[in-house]
Structure formats: structure tokens, C-alpha cells
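Chains as they are written, first to last, in this note's numbering: chain F, 16 to 224; chain C, 16 to 224.
Rather than coming from a laboratory, the hints here were simulated on the basis of the structure. Please note: incorrect hints may appear among the correct ones.
For identical chains, the list gives no copy identity; a pair is met inside one copy or between any two copies.
[Claimed, not checked] Below 25 Å or equal to it, Euclidean Cα-Cα: the simulated SDA-like pairs (lysine to any residue) are:
1) 161 with 213
2) 125 with 201
3) 161 with 41
4) 161 with 216
5) 161 with 208
6) 107 with 171
7) 107 with 181
8) 125 with 204
9) 125 with 104
10) 161 with 217
11) 88 with 98
12) 125 with 17
13) 125 with 61
14) 125 with 203
15) 107 with 187
16) 88 with 171
17) 161 with 215
18) 107 with 58
19) 125 with 202
20) 125 with 216
21) 125 with 177
22) 125 with 159
23) 161 with 219
24) 107 with 76
25) 88 with 28
26) 161 with 100
27) 125 with 218
28) 125 with 205
29) 88 with 209
2 protein chains.
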Amino acid sequence: MSGLLFIVSAPSGAGKTTLVRHLLTQMASLSLSISTTTRVPRVGEVDGRDYHFTDEASFRARIEAGDFLEWAKVHGNYYGTSRRRIEEAGRKGLDTLLEIDWQGAEQVRKAMPNTSIGIFVLPPSLEALADRLAGRGTDSPEVIQKRLAAAREEMRHAQEFEYVIINDVLETALDNLIAIVHAARLTYARQQQRHGELFTALNAASLPF
Amino acid sequence: MSGLLFIVSAPSGAGKTTLVRHLLTQMASLSLSISTTTRVPRVGEVDGRDYHFTDEASFRARIEAGDFLEWAKVHGNYYGTSRRRIEEAGRKGLDTLLEIDWQGAEQVRKAMPNTSIGIFVLPPSLEALADRLAGRGTDSPEVIQKRLAAAREEMRHAQEFEYVIINDVLETALDNLIAIVHAARLTYARQQQRHGELFTALNAASLPF
């Protein structure tokens, strides 16, 4: 039994994190993958809850050891997903949700083509996104420029994802996300895993009638 | 804009018709395809509601003319899906649901590989199905035997379908069916059709920021 990997990507400002948080409260059978990062913790962030914080030397050693299912360097910081934790969740029959960027998504898709499902979250319009990214008040023009460039780059990869959710009204976007997770559990392969006895009987040479 | 085709197949006795009827009352945006058949109408069946009834000569002429998206001969009677009606629904942006057998499903899958989604409905156990098929009371042993053979043959093709629904509790099966339809409307291709302006901006050489 291997779990499904739901990859959720979005440009910064599309509301991905809020959407995912709501999804997780509604679907106890989904486990969120906590990324490992070399980024300095922000105020209020807790090690092991928001991220697994580590230093660059340790991170690079783990890259060499093949410890990461995916990793990327963004804005000078490393981010990665522990392969072991994903495999453990899978063994427990839990599906995992990964909040990662397009670079990570590409690596996971290649490593796990049969169990990964890519979902891209878009804002209702690009103008709304630009306003939101620029409008955080205290940031320097350089920081805003970096953020805009990253959003632009991220959205260029939307077409590599199976599903797209337009996050206009949160409730609707959440309904959409739930339907995608729900449907992904109903494919022939997944149902065969879950209902082994029925499918074994079905494919047996002689049916009981 | 082309509509999606949801193909629902099942062995006789799995509860497909009841399930589909409930789905259609909940999703007004889905239109049921009415099959054309040479079978004699049963008591209570209405032409144009349950089937489009026709004679064998007309049916065969329409096969020759390429009028059918799919057709099959089952128990000596012809059944087919009008290509024109599917295309009309598609032009109106309506998705269509087809209740057809594995032979028809195979033809639709080949004709419309990008817009057809196959859903197979299974009973909770094969024993339950056998009991149900045998237990209709007044049927002759020959009729029962024919029905069992058809169910066996039908189920052998379950693995050709993307999705499988186990129809144990009707409400759960209905939730599953709704999630599959819902998710199928959220693929990149479908969202691009529906939100043309956003996607055009997204893929433009220069974003508005």
C-alpha cells in the first residue's frame, strides 16, 4: 500500500496556505509534509510544526545522501522534503500533502509518477495578485520586485499540473480541493488496493456464479 | 468548447441506474444521453425519455452513415448513442453522461480520448450480485443464466475504466460519483476553457507586472 502525494503549488499571494489549512481540518486522512529548510525561523514559527529548521552544511550532506524526495534553493535558502517521512506516511496508508514550488513539484512528479497529483492554485486575476504582493506595506521595492518575479516564474509552470483551482471564494476553492482529493482515491488502482478481496474475486478465472 | 463525456458502466444489478438518477437530480449541468435501441419498449417506457425506439433497418442504416458515436448488439438488440446529440450538448457547454456497456465505453474512449471519463460501478460483493440477479422471481433459468453471463463479461472490463465506485451505501456511492464529476471539471484543460481571459494573461509574454 502506497499513499498518494498531493502537490499543491501556487504563486505567493494566491491564498494556498489558508486553503490547505482548511483542507487539513476537514480531512483527517491527509497528512501535511513539513519541509526542511535552511531559512532563519520567522517570529512565531515553531521547529517541527512550520518547518524542520537546519543549517546549510547538514542540508547539503542530506542532499548528497539522497535523503530528499525533492529540494530547491529559493531566494538563497534551501527547502526540501524528507523521503523517509513520505514513505512512512505511505506505509501507514496515509496520503500526504506537499506545499512546494514548481521545481519541487517537477522532482516529485518524476520520482513518483503513479502516486503524485499536481494541483495549482491561481488567483482570480493577475491584477489582484500584483496588488496583493505589492501591498504588504513595509517591504522594500527590492523585496517586492523579487516577490513579483518569483510569482511570474511560478505561474509559468501552471500547465505542468493536472488540476487548477481558481481561488476567488475560499469556500468554493476548498470544495474544489476536496473533490480532487476525493476523486483521486477512487481510481481503479486505489480501489484495488483498498478492496483487495473484491478485486481478487473479480479477476479470478472463475467467478462464484 | 467541448463537453466532457462521463461513461458509467456496471454489471446488471449493481444499482447503476438508481445512482445515475440521483446524480442527475443533484447536478443540473449534466445531461443524460438517451440511447437509441431496436429493443421492444417495456411497459411504462416512453419513447424519447427512456430510449429512442427504432427498427433494425433504420438502426443499421444509421450505423452505415456513421451516425453513432458507439453502438453494440446485446442479447440480440441494438443499442447506440447518437453522435449529433452529444455534439449538440458539447456546443452548449453541457457535459453528458452515458449509461453504456463496456463495448460502447471502448468505442467512446477511442473516439473521444481527451474528453471521456470512464466510471465503473461494482457491487460490494460478487455473492450479493449473484443473489440479486437470480432473485427476480419470475424469470426463467435461461434468462437468469444469460444475465449472469453478461454480468461476468461486463465486470471483466472494469480495469479499462479510470474510476471505480463500490455501490454499498447509496449516499456514499453518490458522493463518490459527484466528486469524480466535480474533479474532472478542474483539470488544466477544462479550467483553461472556462477561464480563458485569466489563462491568456498567464501565458502571455509579459504579465501585467
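Checklist entry - Any of the earlier hints contradicted here, and which numbers? => result Hint check: 3, 5, 6, 13, 18, 20, 22, 24, 26 and 29 fail, others pass.
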